[in-house]
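Protein chains: 2
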Amino acid sequence: MQTLLGQLKHWNKLTPSKPFVYDGELTLTYAEAYNRALRFAGGLRKLGLEKGVRVAPIMFNGFRWYDLYYGLSAGGFVNVPLNFRLAGPELVYQINDSEAQAIIMDPEFYDVIAQIKEQIPGVRHFIYTGEEKPFEGSISYDTLLEAEPYENSNTNENDLFGIYYTGGTTGQAKGVILTHKSIISNAYHLATAMRFGSEQVGLHSAPMFHLADGAVNFAITLVGGAHVLVKAFDPVAVLKAVEHYKPTISLWVPTMINMLVNEPGISEYDLSSLQYIIYGASPISPSLLRKAVKEFACEFTQVYGMTEAGPILTILFPEEHRQGLSDENKQYLLKAAGRQIIGVDVRVVDENGTDVQPGEVGEIIACGDNIMQGYLNKPQETAEALIDGWYWTKDLATIDEDKYIFMVDRAKDMIITGGENVYSVEVEDALVGHPDVLEAAVIGVPHKEWGESVLAVVAVRPGATVDEAELRDFCKQRIAGYKVPKAVEVVEALPKSGAGKILKKDLREKYWEGIDRRVG
Amino acid sequence: MQTLLGQLKHWNKLTPSKPFVYDGELTLTYAEAYNRALRFAGGLRKLGLEKGVRVAPIMFNGFRWYDLYYGLSAGGFVNVPLNFRLAGPELVYQINDSEAQAIIMDPEFYDVIAQIKEQIPGVRHFIYTGEEKPFEGSISYDTLLEAEPYENSNTNENDLFGIYYTGGTTGQAKGVILTHKSIISNAYHLATAMRFGSEQVGLHSAPMFHLADGAVNFAITLVGGAHVLVKAFDPVAVLKAVEHYKPTISLWVPTMINMLVNEPGISEYDLSSLQYIIYGASPISPSLLRKAVKEFACEFTQVYGMTEAGPILTILFPEEHRQGLSDENKQYLLKAAGRQIIGVDVRVVDENGTDVQPGEVGEIIACGDNIMQGYLNKPQETAEALIDGWYWTKDLATIDEDKYIFMVDRAKDMIITGGENVYSVEVEDALVGHPDVLEAAVIGVPHKEWGESVLAVVAVRPGATVDEAELRDFCKQRIAGYKVPKAVEVVEALPKSGAGKILKKDLREKYWEGIDRRVG
Chain A
0 MQTLLGQLKH WNKLTPSKPF VYDGELTLTY AEAYNRALRF AGGLRKLGLE
50 KGVRVAPIMF NGFRWYDLYY GLSAGGFVNV PLNFRLAGPE LVYQINDSEA
100 QAIIMDPEFY DVIAQIKEQI PGVRHFIYTG EEKPFEGSIS YDTLLEAEPY
150 ENSNTNENDL FGIYYTGGTT GQAKGVILTH KSIISNAYHL ATAMRFGSEQ
200 VGLHSAPMFH LADGAVNFAI TLVGGAHVLV KAFDPVAVLK AVEHYKPTIS
250 LWVPTMINML VNEPGISEYD LSSLQYIIYG ASPISPSLLR KAVKEFACEF
300 TQVYGMTEAG PILTILFPEE HRQGLSDENK QYLLKAAGRQ IIGVDVRVVD
350 ENGTDVQPGE VGEIIACGDN IMQGYLNKPQ ETAEALIDGW YWTKDLATID
400 EDKYIFMVDR AKDMIITGGE NVYSVEVEDA LVGHPDVLEA AVIGVPHKEW
450 GESVLAVVAV RPGATVDEAE LRDFCKQRIA GYKVPKAVEV VEALPKSGAG
500 KILKKDLREK YWEGIDRRVG
Chain B
0 MQTLLGQLKH WNKLTPSKPF VYDGELTLTY AEAYNRALRF AGGLRKLGLE
50 KGVRVAPIMF NGFRWYDLYY GLSAGGFVNV PLNFRLAGPE LVYQINDSEA
100 QAIIMDPEFY DVIAQIKEQI PGVRHFIYTG EEKPFEGSIS YDTLLEAEPY
150 ENSNTNENDL FGIYYTGGTT GQAKGVILTH KSIISNAYHL ATAMRFGSEQ
200 VGLHSAPMFH LADGAVNFAI TLVGGAHVLV KAFDPVAVLK AVEHYKPTIS
250 LWVPTMINML VNEPGISEYD LSSLQYIIYG ASPISPSLLR KAVKEFACEF
300 TQVYGMTEAG PILTILFPEE HRQGLSDENK QYLLKAAGRQ IIGVDVRVVD
350 ENGTDVQPGE VGEIIACGDN IMQGYLNKPQ ETAEALIDGW YWTKDLATID
400 EDKYIFMVDR AKDMIITGGE NVYSVEVEDA LVGHPDVLEA AVIGVPHKEW
450 GESVLAVVAV RPGATVDEAE LRDFCKQRIA GYKVPKAVEV VEALPKSGAG
500 KILKKDLREK YWEGIDRRVG
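Residue numbers (numbering that gives the first Met the number 0), protein chains in the order written: chain A, 0 to 519; chain B, 0 to 519.
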């Protein structure tokens, strides 16, 4: 299998003058993007970077991501995309854990990088994308791109494409090791299942540092399509981009779809170019789906997966959405995460690895070329996650006779707030770091706009008291703002099972009674 | 990557009751075909066959090929499909070279197998598909299928899928080593490029022992489509099958298309189900294409490749055919073999491996996951064919600025007669085995129906004479009937270059003057 660069190379050969990326006023053809990618690789090479070196971008959505995707691939370098909403200590951890030697930063992130500079001694090169030099020793991105084109022909599908950090049950983010084979396989699976063709134009307003957008992105490039970029999700910016650039596909999470359909004036935009809205992270409620179908008049596709799966495991097709809306007996399909996508084997099993009966709860496990190689520097977590070629997701689900999968409990006790994954354990770790907190449980509670919001339930040490505002401030020093609890509930003691395990189900109950845990 | 079985398994899981194979009165669902495949594997296992053992079918098209494809994959066995038109000595060579331990034979081939039985001592099991036992010790196919289902879970993409024999410049057929990865990659390339979906129904009337049909076959199974089988190509049988089973896709060579459009009464058949005719082996003439478009009212796609490429390298899309027919400035597209298909890098280079300029003749080389691992037991030929990850096809071509490839001289001095490849050297080797023949050159000459027919030009030993009928009889003992020269021309001496190389170009000239070397 080729590296990811092979896809761009193919279309650079066949349709060099076709537009590939639209970003504001800028349009890059396939030939221009290919040339940029090779020059980007050449620039890093000139800095002395060798194959296998990790490069960490901290950037908004924009055309430079294509230099990154394909240029890093050209040079055999490894992409370590940073979530720009992370707090300093989280960035420090990921940069050091991945041993990144270069950082590429948008102006909005000069400050945070300058602040942590001393704590990331392995980083030898700070590359800035703006006009002005942010600090001594940093290098201009544009200057970097003046290098001669370079391609390391000694790369193949088994080389690392990227290390994507994801939260985990241990509280510490884990670097998911993904080869080119994982990423390209996933692109083939999605493009084949969706029958994508070169007329497709993807709108990217979900963050490009996440693999969810990457999945759609790479599948569209595979078939020679084009891309429209929106710096960051904003309903008006997105609607304007749809009207102006006429994309055919967009990936959003249900909370984003919810914001769009509630945007006053949505009906004034011409959204007729959209053929497919692909959504993930959570199922969609029938009422939101109906509203969205009315406003967008297009097909809906759900994908379910996770970074470790490169990322797609299952798909719920447009036809299944149509059936769910039109046929009362099929309405249950809208609650499903879909069925295994071409190329991936997905099962729901008990703790012995035996397939559960329809309706019984089990763990989702999966096998396919898209699955990660493991977690960086975490042999034990890797050994627990990858067993005999199967990835154990820790997601709990049922599966019906037709092999539709219905989520029962999300992996890793995860809260999805506005499309961002918050892993409870990370927040709990931050909370119990406070001297007055005895123990803490973090859950998601219903939020009309964001799907869920983060709630902390804490028990304090004997004789101590805690102030909610102070506790939230305390967290903000340690974790990203979107992970900080929106509310704190103080209790005498947390409910526990006989074995001493905190019963989050009991905590969630009163908030979720009568509410479908879906957006809309 | 999964093995080929993974594709059947996927659809057995998602659409078990969907029809998968139509063969005469018989219909097999996905579940039935999957079950048969595993029982077929179980039957071979019960015979004591282990993973890696080669099994050689000599069969007409029929539903049992699906037991073979997927059952061999299930057991980790290796498919060695025999061309049933081969002469005894050719079969003996391929069976012994591949070390096949089992033969699966249709009734029409009991005699030829019985005749060579003593010369293939490695074959331990003779499995017959008919009602009656052909000879002592042979095993009933139906009995074999009564075994328990078996799957060897210790197989993966890098295991051998098959050894497919193809003629070569050395005169001896070469066993092309193909892994599951080659075959599955090719299926993804074709299915993605053609945007195949589960509604596709493939008609298989070209021989299933060739990989050309296999390519379309596996791509359709990948996306969950179905198959209609015609025992062997016959225009009336094919037209009836199209009307009755309503396939959407068929693979034919231009000579077959030519026979179909010239079939009296073609217009009485309902052929409206066909969406795509895929053809290979040679370009199609505009006049035949026009006739075919009129009769079939469907889209045309050309694929170019060879067994060594698993098999597809380039594709000429329906749109390009439409342009070629409707736009005088684009008519040249109909002479092209198309452009590189997704997932494959195809170049035309000089002897140093440098890309030639547009219009210059060079050799076609290709790189992709579909390419073979090499030739069985032929390290030198393998080393010559596979260099630094590139397959050197020996096909000569030009490439234009848009990357369309135009064949100049077919690989390995090959004659294509009625869709069968005849390698000149094999025939020449047979001819010079005759005591009176001094030297021989075999070329293809125009044939209205079959595209080309085999012509031998021979020089006899001083003082000797040869009789054409006797010489043809002599050949018939040694090579397949379709390879035997249809005519023999005796000359004083063969035209030669300064370096002593026979100038076939000169021999061909008078036959081809003013004729476009295409069918129709």
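Everything labelled a hint here was simulated from the structure, so no lab data went into it.
Take the hints with a grain of salt, since some may be wrong.
No distinction is drawn between identical chains; accordingly, a pair holds when it is met within one copy or between any pair of copies.
Keeping only pairs whose Cα atoms sit at most 20 Å apart, straight-line, the calculated EDC-like set for lysine to aspartate or glutamate is [unchecked claim]:
{"hint": "1", "residue 1": "Lys45", "residue 2": "Glu24"}
{"hint": "2", "residue 1": "Lys17", "residue 2": "Glu319"}
{"hint": "3", "residue 1": "Lys239", "residue 2": "Glu24"}
{"hint": "4", "residue 1": "Lys402", "residue 2": "Glu31"}
{"hint": "5", "residue 1": "Lys504", "residue 2": "Glu150"}
{"hint": "6", "residue 1": "Lys132", "residue 2": "Glu298"}
{"hint": "7", "residue 1": "Lys17", "residue 2": "Asp401"}
Tested hints:
no.	hint	verdict
1	Lys45 to Glu24	neither (30 Å within a copy, 68 Å between copies)
2	Lys17 to Glu319	between (34 Å within a copy, 17 Å between copies)
3	Lys239 to Glu24	within (14 Å within a copy, 58 Å between copies)
4	Lys402 to Glu31	between (44 Å within a copy, 18 Å between copies)
5	Lys504 to Glu150	neither (53 Å within a copy, 41 Å between copies)
6	Lys132 to Glu298	neither (46 Å within a copy, 57 Å between copies)
7	Lys17 to Asp401	between (42 Å within a copy, 13 Å between copies)
Figure legend: structure checked against the earlier numbered hints; hints not met, in rising order: 1, 5, 6.
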